[in-house]
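So the protein sequences, as listed, match chains C and S. All letters in the first sequence, in the order written, are residues 1 to 335 by the working numbering. All letters in the second sequence, in the order written, are residues 336 to 670 by the working numbering.
Think of the hints as simulated: they come from the structure by calculation, not from any bench. Just to be clear, a hint being listed does not mean it is correct.
To be verified - Restraint-style ranges between C-beta atoms, simulated for each label pair:
1) C:Ser20 - S:Arg486: 34 to 40 Å
2) C:Pro150 - S:Asp647: 44 to 50 Å
3) S:Asp560 - C:Gly208: 37 to 43 Å
Note that CB positions come from ideal geometry on N, CA and C, so glycine has one too.
2 protein chains.
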Amino acid sequence: MATTMSDVARAAGVSVMTVSNVLNGKPRVSAATRQRILDLVDELGYEINLSARRLRSDRTGSIGLIVPRFDHPYFGELAAQLSRLLAATGRHLAVEQSDASKEAELAALSMARLQTYDGVILSVVGLDHDDIDRIRPSLPVVLLGEQNMPRRFDQIHMDNVEGARLATAHLLERGARHVVLAGGGDEGHASMMTLRTRGWRAAHEDRGAALPPAGILTLEEFEMDCARVRVRDRLRDDPSVDAVFAITDQVAVGAMAGIRDAGLRVPQDVQVVGFDNLALARHVTPALTTIDPENAWIVEQAVALLDRRIDDREKDPEHLVSPVRLVERGTTRPR
Amino acid sequence: MATTMSDVARAAGVSVMTVSNVLNGKPRVSAATRQRILDLVDELGYEINLSARRLRSDRTGSIGLIVPRFDHPYFGELAAQLSRLLAATGRHLAVEQSDASKEAELAALSMARLQTYDGVILSVVGLDHDDIDRIRPSLPVVLLGEQNMPRRFDQIHMDNVEGARLATAHLLERGARHVVLAGGGDEGHASMMTLRTRGWRAAHEDRGAALPPAGILTLEEFEMDCARVRVRDRLRDDPSVDAVFAITDQVAVGAMAGIRDAGLRVPQDVQVVGFDNLALARHVTPALTTIDPENAWIVEQAVALLDRRIDDREKDPEHLVSPVRLVERGTTRPR
DNA sequence: CCTCCAAGGTATATCGTTATACCTCGGTCG
DNA sequence: CGACCGAGGTATAACGATATACCTTGGAGG
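Work out the full structure, taking the sequences as your base and the hints as a guide.
Set out below in structure tokens:
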């Protein structure tokens, strides 16, 4: 049905290899032939079959980004930056969700799908060590996020502890006495949540401050909805709370809504700091003080790591930690 | 390097076809053999090569969603819903950005990439008629968004005019005298922008109200940033403006920030209505009155349309219009 | 005049699956 | 007891591209 390379070759009166060579910019073709073939490609509307190319040669020019959730702005922003960077080298990004479908059959297919990319950047939030360990070493992969992942992979993680510590220290410094942690908890392993919780604790220890009683508000999901309800209820029960460190900006935005639901003001009554520095953070009112994970740096390093791995699949894995930075805005009080 | 089907077959002492049959749930295999093969698949860590499967049989179980921007929450939410729905039928979603890269070579590759999916849902915002028309008819495609697209495709569009009319009428009804349109304009063809602008006009005509002078605030992009600045500047220059209909929720959130930058209050001084009903809309303060495009309906219909098309590639194209609905919240004044 | 070479090409095998057609049993039925 | 059948399986040819090795020219150099 569809036009193939042979169709083009036949029309041009050459062999398929010549067409292939033209399309891949290989040298052994005269200028005249090259042009004739390019014209025919246009005329016939020929499109290369990437499955066939991949089968034979292992190149598609596509990189995969696997995220836990499509509807999480952090990953949208990450994808956009990644896409821009890859475009510079003529590559293309496809984003997939890591459906945590526990049905083995579907999970297997997901693994197989990864092989259709030249390389994969995998945000491992919510995935477990063993799932990841099942990935074949032949596939270039960079892991983003959690820290308890198989060491054999190249990986980048945020400095979660430091970020949380900066955020919490900032609140304490600005006069907060009871900084609750929205979305905290301890999962045992070094997950994003565990680490940020650790940073929150550490900031208190640093200043010799006591943790507030029941200071951790656990959340089903890091969503605005749950955060809003949880924070509102807590403030109604416990007027001593005067600051919220939210584990993500989304949680922070939810928390801000919850604070207002409780009839309190940000930052006069309750201060808030988030984590992620989403585009949104600058535009809520008041603008959100937050921790910037330096996404540009992460994205750049991820691609560099991937390229080095594609280049040499045997090289030693590298583990990078991205810097973090406090961005002071309106949800915390001026000094 | 990687384990192939022959490796499994050899290990099991059967032919590749038997392995293939097992993996595809075909009937002619004894239970014992089936189990033996499944065990070996596990043991050898075999993963099917989807490029090969696709080359031979045109099935990958992946559906593509092409969006104009990764970092636009509307599409994130759309993707998440779509993904959930497709998972129900064992399929998987990959999201790509339609790089408007005008380099012909890259554009060609993008077209080719589409062919690696069983079907594609294409948000055509920002693409032009001729680009779309280049898509081969053999690929099942559903178009989302703009209305000036080749009729041969199945497509769904929002009722943009009606939504904008509802939004504007609501503002006028709540006492607004000068409703400016943030992000409006007329591109000539029936783009989202043109249509919503038309709805804004229509609402004024319906009530015999005059359009405010210079009532359209054009925007480079439908982003919070630009909207904020534009709205702030306008309000400073022109205190007569008492309402903003924002062409998207993102623009609305930017507008709200701009209104506050100008020292005014929402909704007491300036009312705001958005369009999209993002998750975010409920959580900003005050909560955003907006137009709900019934994404659930859109997603459901898109998949249904795609399935019908996959089933019968010759069927007549269908053009659907999604219903819209006003969601009243806190950025407009109570009756 | 012969050798050699580069430029411009071609023929063929191959990548890993699946569709198709076929083969081989042991049993059943008339 | 022979014909037939279904269950369980196999051999082979695609699918559309690319890597590899080779082939043909028309000169240039000796």
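Consistency of the hints with the structure:
no. : hint                            : verdict
1   : C:Ser20 - S:Arg486: 34 to 40 Å  : 36 Å, holds
2   : C:Pro150 - S:Asp647: 44 to 50 Å : 46 Å, holds
3   : S:Asp560 - C:Gly208: 37 to 43 Å : 42 Å, holds
Checked against the numbered hints given earlier, the structure satisfies every one of them.
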